[in-house]
Amino acid sequence: MSFSWAKQYEPKNQFMRWLDERLPLPRLIYGAVGGGYPVPRNLNYLWNFGVLAGIFLTIQIVTGIVLAMWYFSSADGAFNSVEHIMRDVDAGWAIRYAHMNGASFFFIVTYIHIFRGLYYGSYKAPRELVWMLGLVIYLLMMATAFMGYVLPWGQMSYWGAQVITGFFSAFPVVGEPIRIWLLGGYAPDQAALTRFFSLHYLLPFVIAAVVILHIWALHIPGSGNPTGVDVKNEKDTLPFHPFYTAKDGWFVGLFILLYAVVTYFAPNYMGHPDNYIPANPLATPAHIVPEWYFWPFYAILRAFTIDFILPAKLWGVLAMFASILLLFFLPWLDKSPVRSGNYRPVFKRFFWLLVIDVLLLGWAGGSTATPGVVALSQIASAYYFAHFLIILPLVSMNEKTLPLPDSISSSVLHGEVQEAAPLGSKSRAKPATA
Amino acid sequence: MGFLLALPTAILGYFLRIGWIRTIGLFVGAGFAGVLLISLGSTASTYLSNPPEPTAEEEFHKHPKHLNLASDGPFGRFDEAQLQRGFQVYKEVCAACHGLNLVSFYSLEGLGYNEAEIKAIADQWLIEVPSVNPDTGEVATRKAVPSDRFPDPYANETAARAANNNALPPDLSLITKARHDGGAYVYSLLTGYRNQAGYKNEKGEELLKAFPATKTPQGLYFNPYFPNLNIAMPPPLSSTGQVTYAEGNPAPTVDQMAKDVSAFLVWSAEPKMDARKGTGNAVVLFLLIATVLGYMAYQNLWYSSKRKVAPVGPLDPVNKAKRNRASKKAGIKS
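Protein sequences, first through last, are from chains S and Y.
Numbering-wise (the numbering used here), the first sequence opens with residue 1 and increments by one.
Numbering-wise (the numbering used here), the second sequence opens with residue 1 and increments by one.
Please keep in mind that the hints were generated in silico from the structure rather than gathered at the bench.
You can take every hint at face value.
Computed footprint of chain S on chain Y, listed as stretches where at least three residues anywhere in the stretch have a Cβ under 8 Å from a Cβ of chain S: (1) 15 to 28; (2) 99 to 113; (3) 263 to 277.
Beta carbons are placed, not taken as given, at the ideal position from N, Cα and C, and that holds for glycine.
Could you build the full structure based on these sequences and the hints that come with them?
Structure, rendered in C-alpha cells:
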C-alpha cells in the first residue's frame, strides 16, 4: 500500500506472530481488506458494488459446485437431471434457483459497478489496469454465463448455443471451421454440452484469479472517490476495517435481501419459459432471445440489416465485439484530467444519455424485431459508438470543467458552509428570514 | 497550390494533436455509426414502401384470462382439495394423451394423499410401466409402484403422432412453467374454444372477414388463446359432470374443471413451491433483521467520523433558548 500512514499488522498473540514470521498471510489480509488499507472517507454507496460482485461470485461458485454433484452433462439426461434436482434432491430447488438468479444478480451489480466507473472516471490514470482487468473479468463472466445457460439443455439453451456459436461463421473462410471446432460438431450436441460444462466449471476460478489481480492493481494507487481528487493526507482516509466493512456489511445484507425476494418469490421472472421445454433440434422457438444481460449486445447485432461492403451479419458480429473492446481504450479516448463526472457538466449530460441509450438497447434486444424496434436499435447502436469514439474524445478536449475541491476532507464542506458550521462557532450563519 | 495542401495539412495536424488511438477510434466510430444510419434508412424505406401487414395472430390472439389460485403470491399455498380434483381431471381426461413423465407417484403426497392411497393410485394406473419379463427377458409391462414416474401414454413420439393426426400431445409436467403466465394460459385454453364462424375480437373485427385465409383446416380447432389460433387438440372439457367430483366439492362445470386442472398443473410444474415460499418468508425475515442490525452498527461506528451538522432554524439551540425565555416571560409552560 502506498500511503505512508497505512497501519502495519501487529500480531495479537504468540501463534499469529509465529505464523506471520513464516507465512505473512494475516498481514496480507490486514493490508488488503483490514485496518491496514486506508480508503477515502467520502465514498458513496456506488462504491459498495465491487464487494457485492465478489459476494455474488462466491455464491455462484458455492451453489455451482453443489449443483455439479447432481447435474448430468448428457444431451439425453441434462434436462431431466435439472428437474431431478428441482423435485427430488433435498433443497435442490433452493440451490438451483439461487444459482440461476445469482447469475442475474451478479450481472446487475457488475453493471452498476461498471457504470460507476464510467461516471467517476475510474478508468483514468493511474487506474487504467484496474479498469482493463475489470473488463477481462466481464468478458469471462459473459462466456461463463452463456455456457451455463446452455447446461439445462432446454429450448433456449440449445438455440442460444446455436445462434451464439453461429457468430463465428460470419467470418469469411475461417469462420465455419472455427464454429465446428468450437462445438465439436456441426450443431450443438453431446460434444458441445460436455465441453461447455467443463469450461463453465473452470472459468469461475479464472475469474477469481483475475479478481485478485484487479484488487491488487487497485490497491497500488488506492480506491478512487466521488470527487476524483487524490488522497493527500491521513485526514482524507479511514481504515477499511471497521469503517468500510461495516458500510459494506449492511449494504450487502440489503442486496442479499433483494436477491432472496426474487429467488424465493419470483425465481423464473428473469428467465424464459421456453427453457422449460427440452431441447429439440427440429423445432425452432418462435423468438430466440438470450438472457437479459446480453440484450444490449443482441440489439447491436440485429441492428445491422444491410450488406454494405461486408455482409450485414459480419458487421453485426464485428460491432458487437467492438462495443466491448472499445472500452479497453477508454483511458486514452477520454483524456480529460478531471476524473469525476460531478465536475464535468457536458460529460455528465452525455453520460446520462448513454445510460438511457443502453437501457433502450436492452429493451430493443429483448423485444421481437419489428421495424420500430429495429429502427430504435439502429439509432441507439449508432449513438453507442458515437458516444465512446466521437463525442467523448471531443468533449474531453474542449470541456470547461468546474473547479475541484482542494482535498477530500475540504470537499466534505464544499458549498455547505452554513449547514456544516460546527456547533458554537462564531461564524454561524443566520437562519433564513421567516 | 497552397490551398490544395492546406486542408490535408490541417486534417493531419488535427489527428496528430488528438493522438492515434483517438484517430482510429474516430474512424471506427464513424464507420459503425455510418453503416447503422444507412441501415436505418433502409429500414425506414422498406417500412414506407412495403409496410408490414397485420397478421391474424397479432389481431386475434388473446392473452390469457385472469386466474386466481390459492397458490398465488408470497403467502399463497396450494389448496389440497383443489389439487386432488385437478388430479382427477388429469387422470380421467388428460392422461389418455398427455404424459407427466417428470412427476413421481410418491410426490402425490403433496396433494394430501397418504402412503396407502398413493400405492393404490400407482397400482390402478391404467398405463403400465415398461419392463422386462423376468423369466423370458422379453419386453413387457408391469404395474406402477410409488417410486415410478407417471408412465408415458405412448411408446414413442412416432406412436403419439400416429394416434393424433400427426400432432404431438406435449408432456404436461412443466407446461405451466413453459408458457407465459402458465396456469392462466392452461385455464384460458381449456375454456377458450369458440365457433370460428362470426368470431370477433374486442375491436369488433370479424376474423373470417378480415383474414379469410385463416379458416381453421379440417382436424384443427379454433382457439384464440393458442398462439396460431388453431390447435390440434379437440375441446377436452365439453360438459358439466364430465368428471364426477366426490361429495362436498363444487359442481364440476367446465370452468371449475379447467381451474382445478390448471391448479394441479401449477403444482406438477413445481411440487416444492410451498416449501420455497415458506423458506422464503423465514429467510426474508431473517435478512431484514440482520440488515437493520447491520445498519445500526454502521451508524454507530461512523457516528464519530461523520461531520457534525449544526441545527438551524427552530432547532438551533440559540433560537430554542430565545423561545424558552420568551415563553417563561409570558408565563407559558413548555
